[in-house]
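When you line the sequence shown up against the numbering used here, it's residues 787 to 905, in that order.
Derived from the structure by calculation, the hints contain no laboratory data.
Among the hints, erroneous ones may be present.
Derived pair list, reagent style SDA-like, types lysine to any residue, alpha-carbon separation capped at 20 Å [stated by the list, open to error]:
no. : residue 1 : residue 2
1   : K857      : M805
2   : K810      : K859
3   : K789      : I893
4   : K859      : I883
5   : K866      : T904
6   : K857      : P878
7   : K896      : F803
8   : K896      : E850
The following label-pair restraints were derived from C-beta to C-beta distances [claimed, not checked]:
no. : residue 1 : residue 2 : range
9   : I903      : D830      : 16 to 22 Å
10  : F860      : I811      : 28 to 34 Å
11  : N844      : G808      : 26 to 32 Å
12  : N902      : K810      : 16 to 22 Å
13  : A880      : K789      : 15 to 21 Å
14  : N870      : Y795      : 27 to 33 Å
15  : N844      : N870      : 20 to 26 Å
16  : E894      : N870      : 23 to 29 Å
17  : P895      : R817      : 38 to 44 Å
18  : S843      : N871      : 23 to 29 Å
For glycine and all other residues, C-beta sits at the position ideal for the given N, C-alpha and C.
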Amino acid sequence: MNKTQQGAYGEDLACDFLMKHGYKILERNFRIRGGEIDIIAIEDSTLVYVEVKTRSSNYFGFPEESVTPRKIKFLERSAKFYRNNRKSLNLPNAERIDVVSVDTSDIEPKIRHIKNITL
Numbered sequence: 787m788n789k790t791q792q793g794a795y796g797e798d799l800a801c802d803f804l805m806k807h808g809y810k811i812l813e814r815n816f817r818i819r820g821g822e823i824d825i826i827a828i829e830d831s832t833l834v835y836v837e838v839k840t841r842s843s844n845y846f847g848f849p850e851e852s853v854t855p856r857k858i859k860f861l862e863r864s865a866k867f868y869r870n871n872r873k874s875l876n877l878p879n880a881e882r883i884d885v886v887s888v889d890t891s892d893i894e895p896k897i898r899h900i901k902n903i904t905l
């Protein structure tokens, strides 16, 4: 499996995980110049921007450890752009950024959900 396929697989697993936990998926792979949001969802009355990190080995650390302060800044900028361009959707006012970590190094993938990451 190449990196693109691995990333798509991880995002599929993350979407399934989030939906099983009551999230409503609004959009996937929202892109702007300089940033992308993997998953945009609603949990209760909160708009959630989700960064998905997938790794097939922990040789360089756990997947969530690759979310850097710089990446968080890009996510924040992309989230602001998303909200400004989706005003007609009547989105919840509360919002946060989460990370879903997908570790495929074992036979059964391990998923970790980290809510409300901040700098």
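Structure-based check of each hint:
Proposed proximity of K857 and M805 is contradicted: the alpha carbons are some 25 Å apart, above 20 Å. Note on K810 and K859: the hinted pairing is violated, with a Cα-Cα distance of about 24 Å set against a maximum of 20 Å. Note on K789 and I893: the hinted pairing holds, with a Cα-Cα distance of about 18 Å set against a maximum of 20 Å. For the hint pairing K859 with I883, the CA-to-CA distance comes to about 11 Å; that is within 20 Å, so the pair holds.
About 15 Å separates the Cα atoms of K866 and T904, which keeps this hinted pair within 20 Å; it holds. At most 20 Å may separate the alpha-carbon atoms for a hinted pair to count; K857 and P878 exceed this at roughly 24 Å. This hinted pair checks out: K896 and F803 have alpha carbons roughly 11 Å apart, not beyond 20 Å. At most 20 Å may separate the alpha-carbon atoms for a hinted pair to count; K896 and E850 meet this at roughly 12 Å.
Separation of I903 from D830 is about 18 Å and conforms to the stated range, judged on CB atoms against 16 to 22 Å. F860 and I811 have their C-beta atoms about 21 Å apart, which leaves the hinted 28 to 34 Å range violated. Roughly 29 Å separates the CB atoms of N844 and G808, a value that falls within the hinted 26 to 32 Å. A C-beta distance of roughly 18 Å is found between N902 and K810, which places it inside the suggested range of 16 to 22 Å.
Range check, A880 to K789: about 34 Å between beta-carbon atoms, so the 15 to 21 Å window is missed. The supplied range of 27 to 33 Å is met by N870 and Y795, whose beta-carbon atoms lie about 31 Å from each other. In this structure, N844 and N870 break the distance hint of 20 to 26 Å, their C-beta atoms being roughly 38 Å apart. Separated by about 40 Å at the C-beta atoms, E894 and N870 break the suggested range of 23 to 29 Å.
Restraint check, P895 to R817: a C-beta distance of roughly 25 Å breaks the suggested window 38 to 44 Å. Look at S843 against N871: about 37 Å separates their beta carbons, and that is not inside 23 to 29 Å.
When the structure is compared with the earlier hints, violations turn up for hints 1, 2, 6, 10, 13, 15, 16, 17 and 18 and for no others.
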